[in-house]
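Enquirer: Sequence:
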Amino acid sequence: MAEHTICLLVKLGQVAFKIAEVGIAGTGLRVRHYSVLQALADNGAMPQLALGSFLRIDPATMVTSLDDLERAGFAQRTRDPQDRRRYAVDITDGGRKVLADLNRALVDLDSEILADLGTTERHSLHVLLGSLAGSPALTSLFDTVREQTGAKRA
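In full-length UniProt numbering, the protein residues as written are 1 to 154.
Treat the hints as calculated values from the structure; they're not laboratory data. The C-beta atom is built at its ideal place from N, Cα and C for all residues, glycine as well. Any given hint might turn out to be false.
Claimed, not checked - SDA-like mimics (lysine to any residue), calculated; alpha carbons at most 20 Å apart, straight line:
hint	residue 1	residue 2
1	97	26
2	97	18
3	11	97
4	18	3
5	97	30
6	97	16
7	97	109
To be verified - Now the in silico label distances, taken between C-beta atoms and shown as ranges:
hint	residue 1	residue 2	range
8	149	96	29 to 39 Å
9	141	97	29 to 39 Å
10	142	41	43 to 53 Å
11	111	82	37 to 47 Å
12	81	121	31 to 41 Å
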């Protein structure tokens, strides 16, 4: 397994995801909720479909996530003034407050998870992962795989 970078990423991703889910569970939210709130805080109100595409979250999961966030008072959907057929999603003041709590928890988790790395190694890892996450090649490959697997289920 260790000779394949993709296998290491999968394993580390599973471990980090589980630790993050448990680490933020006290807020009543999950990692996918955090992603939505952070995207809205960073980008402002967005059409629901565009938000799902931006986060690479399938439409059904996006609807469920937004329903959860709306019930909690952390996000709101309104008719998009540019196109009344679709919804725009925005973060609420309550969402900004819980997002601050989530970010504090995630900073603590970063410190715990990366405790065996020095400051320079942590920074380098963050930069490399950020580059990979924003990579057009990876994004394109993911979209292709998602379309192919979605087509097989239909």
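Enquirer: Confirm or reject each hint.
Expert: Hints, one by one, checked against the model:
| no. | hint | result |
| --- | --- | --- |
| 1 | 97 - 26 | holds (14 Å) |
| 2 | 97 - 18 | violated (23 Å) |
| 3 | 11 - 97 | violated (32 Å) |
| 4 | 18 - 3 | violated (23 Å) |
| 5 | 97 - 30 | holds (16 Å) |
| 6 | 97 - 16 | violated (24 Å) |
| 7 | 97 - 109 | holds (19 Å) |
| 8 | 149 - 96: 29 to 39 Å | holds (35 Å) |
| 9 | 141 - 97: 29 to 39 Å | holds (37 Å) |
| 10 | 142 - 41: 43 to 53 Å | violated (24 Å) |
| 11 | 111 - 82: 37 to 47 Å | holds (42 Å) |
| 12 | 81 - 121: 31 to 41 Å | violated (47 Å) |
This entry does not satisfy hints 2, 3, 4, 6, 10 and 12, going by the numbered hints stated previously.
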